[in-house]
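Model the full assembly from the supplied sequences, consistent with the hints where possible.
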Amino acid sequence: MLQFILNGLPIGAIYALVALSYSFIYAASSVLNWAQGDMVMFGAYVGFTLYQVFNLGFTPALFISMAVVALVGVLIQYSILRPLRQRKAPPINVIIATLGVSIIIRNVALMIWGPDAQLLPSPVSTKPVATGILNITPQNILIVVVGLLLMIIFQYLLKQTKEGKALRAVAQDRYAAMIMGIDTERADRVAFAISAALGAAAGILIAPIFFITFNMGAGIGLKGFVAAVVGGLGSVPGSIAGGFFIGIIEAVVGGQISSGYRDAITFVLLILVLWLRPSGLFLKKKGQKV
Amino acid sequence: MKKNKKIFLMIAVCVLILTLPLYINNLYYLHIINLAGIYTLVTIGLNLLSGYTGQTSMGQAGFFAVGTYVSALMMMNFNFPFLVAIIIGTVATAACGLIISIPAMKLSGPYLVLATVGFGEITRLVLLNWTPVTKGAAGLTGIPYPEIFGLKITSEGQFFYLILIFVILGTYIAVRLAKSKIGRTFSAIREDDLAAEAMGVPVNYYKIAAFVISAMFAGLAGGLFGAFSGVASPDNFTFDDSVAFLCMSVIGGNRTILGGIVGAFVLTIISELLRVFQGTRLIIYGFILIFTVIYMPNGLVGIMDNIKKNYRKNNKINE
Amino acid sequence: MYVKKRGKIFLLILLIVVVNTLTACSSSQESLEKILRIGVVGPESGGSAQLGQGQRKAVELAVNEINKNKLAGEWKLEAVFQDDEGNPTKSSSATNKLIQESKVNVIIASINSSSTLADMVVTERAGIPQITPGSTGASITEQGNKWIFRTAANDGFQADALVKYAKEDLGITKVATFTASDDYGQSGAKLLKNAIEKYGLELVANPTYNNGDKDFKPQLITIRDNGAQAIFMWGLYTEAALISNQSQQLGLDVQLFGASGMAAQKLIELGGDAAQGLILTQTFLPDADIPTVKEFVQKYKEKYNEDPIPHGAQAYDTVYIIANAVLKADSSEPEALRDAIRNTQGLELVTENPTFNEQGDDIGKRLLITKIDGNKFTLVKAVETK
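Chains as they are written, first to last, in the working numbering: chain A, 6 to 295; chain B, 75 to 393; chain C, 215 to 600.
These are calculated hints, taken from the structure and not from any lab test.
The reader is advised that the hints may include incorrect statements.
[As the list claims (entries may be wrong)] Each computed BS3-like pair below joins lysine-lysine, with the alpha-carbon atoms no more than 27 Å apart:
hint, chain 1, residue 1, chain 2, residue 2
1, B, K226, A, K93
2, C, K248, C, K284
3, C, K595, C, K585
4, B, K209, C, K412
5, C, K381, C, K590
6, B, K209, C, K404
7, B, K209, C, K407
8, C, K284, C, K542
9, C, K404, C, K508
10, B, K180, A, K93
11, C, K284, C, K517
12, B, K209, C, K360
13, C, K585, C, K407
14, C, K378, C, K428
15, B, K382, A, K93
16, C, K360, C, K378
17, B, K226, C, K388
18, B, K387, A, K93
19, C, K542, C, K378
20, C, K428, B, K209
21, B, K255, B, K180
As structure tokens, then:
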């Protein structure tokens, strides 16, 4: 049982990063970014290209990829989401738009990198280190450590920097923030950029153990979304907790109960949670309307 | 003079539609039209749920699947005739709609969306893993052709008429519903469900009704689909298919029934037309979605209304 | 009310006009030339894109070769491709389009069994022969359908050969299966179970996974805790590589087995040293010392700069079977073609001598038991299937 939980941690960290991205964008601009999972994929591929073509090491590849994908995120926000907001588009239209973005990114990746899976080697070993009856690999430790580090940096930026405070103001009450002179449009862009960068980081962290395929974003995006909602969409601690929660649940259910129905059981749990706490586990106010 | 012209036009259109299989010889076109017709039933139901009542659902493929599998299994395992089988299928789907509506009615926004996605996925996974009944990944094969009062429906042309009858029936029911008090209540719930509740409207019952009704439409379509394609497997009812239904609903215009019809046809046909682009097909499709949603926020039907408004403005004398 | 009705009519008229124009534009060309049109449907996007694109490349290679060297006599081959995204409904629409619009004489479709089954409804109704180089689902040849042929390797033989080898050559007694939840995997699971029972081995665990899953540790832990000595995998290479890696990470000391679905150079690349010693059955070994294989691999590498996948080899052979059929029948009439395909014999192709039985299965396939050793697959044993 403990082994299952241990295994759920690295996946949980990845889901947590993705959940954070969803929450962040949703809190700042009420947008559900269905393309978030594909940012993870794109970041992984960019990292792969940096490694393969330019022979960069893990750390530089990580940072450059985050920067590149952040730019892509800003591009998407500026060219697609901003016009939608300006035209006061109903939320369902925004969903369709981000779905369109997801389809485009996925198929562009297919065109550029082809349908075969790619390997990004890890900077640390993937061989297990046995500690008694449990097995951990350094790669998994790396994911959890770097993941947590990113989350901590994220929290710090949010709480302590001026930009971060502005973002939190926009998330809390957009109109009030506007009245106070905060540039809400810029806040949107920054939120998107950061979310995209987090996604790219998740992609590069996970690439060595999961390989990179052009449709890896679908599953990770959906699970990350589930994690964000379970924890409470828009809440930072909620998203992190939700991510680890889903990761561990998956590992335990998949191992102990049934591997075929694993995802079905996760969704049933999700619906139960939503039924009992319609705003997620960590949010107190009523869920927002569409 | 004008009124006669209108009546003449309507009769001409009806004749054109009724005789369609006679002048469209290309079986491929007919096949696509038939498919679009089946999807129309789904989008009409989805429009009632998402457009009218404001409950965004990304799990219609789940209802569609239940309709297909239940009616197909009724026909194959128990030899029920087609009409009985699809009624049973529709009832089964209605039950699913009821089940999902109970947690769903408390939810809104992304939470609701996720619950419907969850439902769609649970359905698909059950179909995939419950091998003794659903034959798992291989799915059902050899779903029999519909036989109605002794007449066996086998060709694309015959299916056209069968589907047409159901589409007309479905549209009629949906339009009557939309114009009735129920329809207006749906819209009220979409606009402000708290206010509606305050006015004494039992919002929860109406939400349940909306889910059940949209499920029934999808279930009916599913039953038709099973007999039409002859095979059914979980690969037909994925999250991507739910997404496609939602796109049809929004692109056509989700506030009207006509929007559902238009959306289903336009998107199905465009999907096929884009085949000429081979590799970049899906990329173009994505751009079309984005473009439509930004510049035509009320869907294609919305654009039609805008054009008409401008036409009337410019031709005040004639009107 | 008034306004809505006008709009409705406008839209419907628009629709009808568009459809009519399209109808008018498509004219049927009756050509007296000896052209054989081959329609190819496969998942060129979506989850099985690597297989669909591999199929396409192999078919193009074969068609070009046959035309260049006039291997079909006076007949010229023309291939038309459609993507089915791995979706059965789209697959049947694509097949419909190929038959009605591109007027193909024979169909190669598809890779996913669910798509192939959907296409079979269309080809049977239209009376056009269909060959699937990639679908292994048992139900495909159990429909009583006279128009379907299959050049994909017979999974039943593969499962049997693997289990037999495990018992007789390696002395293994406790095994687990770990199979994909798609049609290929489910069919494999069933066949493996039959073989395991037949040879008297003990099945201690049989979990499944979904394609696209990335974490297999929960199931592997269960397998480990149940004391399995070997794991029989049945799926595609990405998941197989991940399973190999993760079972090594968990410290599992088991013999890994697989089948032709995962046989690709990528398996070795992604599996790294976790995949060393993995045993799998193939009908096609890129390094085999067989002239037809060597030639094919070399030509494919020259043109595409990568190794061909087994589905590619099967697709390549399928085109040659078609070419041979049209040559023998000297007609592109569907019935003649179908009968000629069924009577195929004496061909030496990349994956052996194709011979079709009553149901359309190819029982002439060569079956190789191979092992991953270093950077390539090496031959362990060749098995007779006839």
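Tested hints:
1. B:K226 <-> A:K93: violated, 51 Å
2. C:K248 <-> C:K284: holds, 12 Å
3. C:K595 <-> C:K585: holds, 10 Å
4. B:K209 <-> C:K412: holds, 24 Å
5. C:K381 <-> C:K590: holds, 25 Å
6. B:K209 <-> C:K404: The given pair, whose Cα atoms are some 12 Å apart, holds under the 27 Å limit.
7. B:K209 <-> C:K407: holds, 17 Å
8. C:K284 <-> C:K542: Satisfied, since the Cα-Cα distance of roughly 14 Å is no more than 27 Å.
9. C:K404 <-> C:K508: Violated - the C-alpha atoms of C:K508 and C:K404 are around 34 Å apart, more than 27 Å.
10. B:K180 <-> A:K93: This hinted pair holds, its Cα atoms lying about 26 Å apart.
11. C:K284 <-> C:K517: holds, 20 Å
12. B:K209 <-> C:K360: holds, 23 Å
13. C:K585 <-> C:K407: Given that 27 Å is the threshold and the Cα spacing comes to 22 Å, the pair holds.
14. C:K378 <-> C:K428: violated, 30 Å
15. B:K382 <-> A:K93: holds, 23 Å
16. C:K360 <-> C:K378: violated, 33 Å
17. B:K226 <-> C:K388: violated, 53 Å
18. B:K387 <-> A:K93: holds, 25 Å
19. C:K542 <-> C:K378: Since the Cα atoms of C:K542 and C:K378 sit roughly 40 Å apart, the hinted pair is violated (cutoff 27 Å).
20. C:K428 <-> B:K209: holds, 25 Å
21. B:K255 <-> B:K180: holds, 23 Å
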